[in-house]
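*Asks:* As a plain string of letters, each chain reads:
There are 2 protein chains.
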Amino acid sequence: MTFDQFMQHYKQEIENCMKQAIIATESDQKLEQSMMYSLEAGGKRIRPLLVLATLIAFDCEPKLGYRTAAAMEMIHTYSLIHDDLPAMDNDDFRRGKLTNHKVYGEATAILAGDALLTKAFELIVSDTKLSTPVRVNLIQLFAKSAGASGMVGGQQADILGENQTLSLADLESIHRRKTGALLSASVLSGAIIAEASDADRLALEKFAHHIGIAFQICDDILDVIGDAEKMGKKTGADADLQKSTYPALLSLEGAKQALAEHTNSAKKALHTMNIDASLLLGLTDLIAVRDF
Amino acid sequence: MTFDQFMQHYKQEIENCMKQAIIATESDQKLEQSMMYSLEAGGKRIRPLLVLATLIAFDCEPKLGYRTAAAMEMIHTYSLIHDDLPAMDNDDFRRGKLTNHKVYGEATAILAGDALLTKAFELIVSDTKLSTPVRVNLIQLFAKSAGASGMVGGQQADILGENQTLSLADLESIHRRKTGALLSASVLSGAIIAEASDADRLALEKFAHHIGIAFQICDDILDVIGDAEKMGKKTGADADLQKSTYPALLSLEGAKQALAEHTNSAKKALHTMNIDASLLLGLTDLIAVRDF
Numbered sequence: 001m002t003f004d005q006f007m008q009h010y011k012q013e014i015e016n017c018m019k020q021a022i023i024a025t026e027s028d029q030k031l032e033q034s035m036m037y038s039l040e041a042g043g044k045r046i047r048p049l050l051v052l053a054t055l056i057a058f059d060c061e062p063k064l065g066y067r068t069a070a071a072m073e074m075i076h077t078y079s080l081i082h083d084d085l086p087a088m089d090n091d092d093f094r095r096g097k098l099t100n101h102k103v104y105g106e107a108t109a110i111l112a113g114d115a116l117l118t119k120a121f122e123l124i125v126s127d128t129k130l131s132t133p134v135r136v137n138l139i140q141l142f143a144k145s146a147g148a149s150g151m152v153g154g155q156q157a158d159i160l161g162e163n164q165t166l167s168l169a170d171l172e173s174i175h176r177r178k179t180g181a182l183l184s185a186s187v188l189s190g191a192i193i194a195e196a197s198d199a200d201r202l203a204l205e206k207f208a209h210h211i212g213i214a215f216q217i218c219d220d221i222l223d224v225i226g227d228a229e230k231m232g233k234k235t236g237a238d239a240d241l242q243k244s245t246y247p248a249l250l251s252l253e254g255a256k257q258a259l260a261e262h263t264n265s266a267k268k269a270l271h272t273m274n275i276d277a278s279l280l281l282g283l284t285d286l287i288a289v290r291d292f
Numbered sequence: 293m294t295f296d297q298f299m300q301h302y303k304q305e306i307e308n309c310m311k312q313a314i315i316a317t318e319s320d321q322k323l324e325q326s327m328m329y330s331l332e333a334g335g336k337r338i339r340p341l342l343v344l345a346t347l348i349a350f351d352c353e354p355k356l357g358y359r360t361a362a363a364m365e366m367i368h369t370y371s372l373i374h375d376d377l378p379a380m381d382n383d384d385f386r387r388g389k390l391t392n393h394k395v396y397g398e399a400t401a402i403l404a405g406d407a408l409l410t411k412a413f414e415l416i417v418s419d420t421k422l423s424t425p426v427r428v429n430l431i432q433l434f435a436k437s438a439g440a441s442g443m444v445g446g447q448q449a450d451i452l453g454e455n456q457t458l459s460l461a462d463l464e465s466i467h468r469r470k471t472g473a474l475l476s477a478s479v480l481s482g483a484i485i486a487e488a489s490d491a492d493r494l495a496l497e498k499f500a501h502h503i504g505i506a507f508q509i510c511d512d513i514l515d516v517i518g519d520a521e522k523m524g525k526k527t528g529a530d531a532d533l534q535k536s537t538y539p540a541l542l543s544l545e546g547a548k549q550a551l552a553e554h555t556n557s558a559k560k561a562l563h564t565m566n567i568d569a570s571l572l573l574g575l576t577d578l579i580a581v582r583d584f
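Top to bottom, those sequences are chains A and B. Take 1 as the starting number for the first sequence in the numbering used here and just add one per residue. Take 293 as the starting number for the second sequence in the numbering used here and just add one per residue.
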């Protein structure tokens with residue numbers, strides 16, 4: 001299977017799995033529409049594809065990871081819905097489409113986010129293809145990565161960091177939680193399902209750490225040089241909010257160099273394991289080499 | 293142990309458990325303060341006490357339920373924080389204290405709610421006093437009760453029902469989800485930990501169904517006749533929002549009668565089981581006979 005075939009096929013499987021999960025929910029129609037709207041708003045599905053690519057690297061049946069992958073994308077999606085709210089980033093557009101609250105109103109957007117987060121846990125816990133200890137380990141990982149010590153804590157620190165000049169260490173601490181935690185959890189949840197060895201998990205953590213930072217550097221660079229139309233949202237937002245970014249701290253060239261270094265370190269970590277890392281290498285390039 | 297001793301002792305234990313859980317979280321300080329603020333804002337702790345009273349009714353060690361009880365109160369608390377937001381009920385006061393967003397700002401309040409919901413799942417999944425199948429069953433119950441087909445769906449239906457005259461059936465459908473789902477889950481999670489028989493679980497479901505409705509009827513009555521100072525929040529809010537309520541649909545006397553009927557049905561359900569139901573009976577009275 002080529003990388004492109006992997007991307008195309010499994011993106012579809014993940015999207016089907018998410019859709020099925022929402023259809024199977026007996027709920028209020030407007031709430032379901034609002035949840036589906038953001039789940040269907042596209043994106044590269046990097047997190048769920050990391051789950052499946054990790055499973056395949058360990059020669060494990062990808063189907064075992066569908067629900068976990070879908071759950072991961074739901075958590076990511078909920079975080080975007082809440083981040084876009086007027087009280088947070090106040091974004092009207094995301095991936096070229098109106099943000100959830102612009103279509104369904106703020107109250108429903110808040111509830112749709114809450115419901116997606118909750119649904120993610122439901123999807124994993126009721127996944128009878130996985131043993132109960134595996135489900136428990138996955139939920140532990142998800143809760144830790146998505147919660148106050150992970151993504152939500154990073155988001156809070158990010159808000160508090162606006163209008164302040166942060167050190168590189170502070171900036172990395174924010175992004176390790178805000179973006180890195182879920183990317184890490186995606187890779188590690190694949191490792192949990194594949195029952196990877198402790199040594200391999202450590203190597204995967206290292207890999208995930210570097211792609212997490214690479215991802216954020218990329219995002220910051222795109223915010224400076226990107227084309228609003230291509231990004232599907234307004235660019236230059238970081239500068240408007242006077243946010244500390246990698247290009248602001250390291251210069252644009254320095255940021256590009258740091259990006260290359262983290263990408264290399266990520267790839268090196270993969271090469272220490274006896275796995276078929278081709279898809280994970282492909283995803284690393286996708287994360288790190290976007291349109292610039 | 294008298295009912296008052298039960299209330300006093302276990303309220304304290306639940307509050308300690310919640311506090312420990314927040315202290316143990318490595319997170320952003322403001323986020324933690326915001327989470328603690330609402331957890332410490334008081335309330336009767338009916339849901340977590342229902343968990344523990346059910347355990348005691350089955351002669352099961354209450355300690356086994358502390359984390360589950362704390363998790364339940366966290367989910368309840370997150371729902372209050374989000375419900376109070378300007379985009380939702382726009383309440384400035386709750387239990388006589390400023391609401392979370394009035395103190396910490398909207399962004400942090402949204403994130404504190406998200407973090408409490410996530411923390412609830414973390415608390416249960418990492419509770420090593422419980423077997424992995426029990427933890428899986430609890431999380432399944434929590435996710436279903438709190439999510440789109442439960443509490444969040446009920447909240448959405450409640451918003452859509454404003455300015456509309458609902459039938460009694462519609463009103464019960466909303467409250468069965470908005471308030472009833474968590475009250476039910478509190479009782480049923482006690483049953484899961486105590487490994488109650490299927491017959492007893494059915495009886496407990498019946499019990500929980502009736503106290504859920506009783507709880508809501510009471511709330512509606514208090515909103516009409518309650519004293520704002522005693523309630524710690526503004527009353528008459530339902531009428532302002534032109535919400536359908538039990539007193540509006542049944543008259544005040546009719547609502548009081550329905551309340552008595554549901555309370556009796558709840559108690560009857562308890563009497564079909566061979567358990568020591570005294571604490572559950574006490575909680576039923578607490579729920580159904582508030583200050584009027």
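Bear in mind the hints are in silico, worked out from the structure with no lab data behind them. Quick caveat: nothing in here was measured; it's all calculated off a predicted structure. Incorrect hints may have been included.
Said to hold, decoys possible - Derived pair list, reagent style BS3-like, types lysine-lysine, alpha-carbon separation capped at 27 Å:
| hint | chain 1 | residue 1 | chain 2 | residue 2 |
| --- | --- | --- | --- | --- |
| 1 | B | K303 | A | K243 |
| 2 | B | K389 | A | K102 |
| 3 | B | K322 | A | K243 |
| 4 | B | K303 | B | K389 |
Unchecked claim - These stretches of chain A come out as covered by chain B in the derived footprint (C-beta under 8 Å, 3 or more residues):
| hint | stretch |
| --- | --- |
| 5 | 13 to 20 |
| 6 | 49 to 61 |
| 7 | 133 to 146 |
| 8 | 183 to 193 |
| 9 | 274 to 280 |
Backbone N, C-alpha and C define an ideal beta-carbon position, used for all residues, glycine too.
*Asks:* Hint by hint, note whether the structure agrees.
*Replies:* Verification of the supplied hints:
no.	hint	result
1	B/K303 / A/K243	43 Å, violated
2	B/K389 / A/K102	31 Å, violated
3	B/K322 / A/K243	19 Å, holds
4	B/K303 / B/K389	19 Å, holds
5	13 to 20	violated (count 0)
6	49 to 61	violated (count 0)
7	133 to 146	holds (count 9)
8	183 to 193	violated (count 0)
9	274 to 280	violated (count 0)
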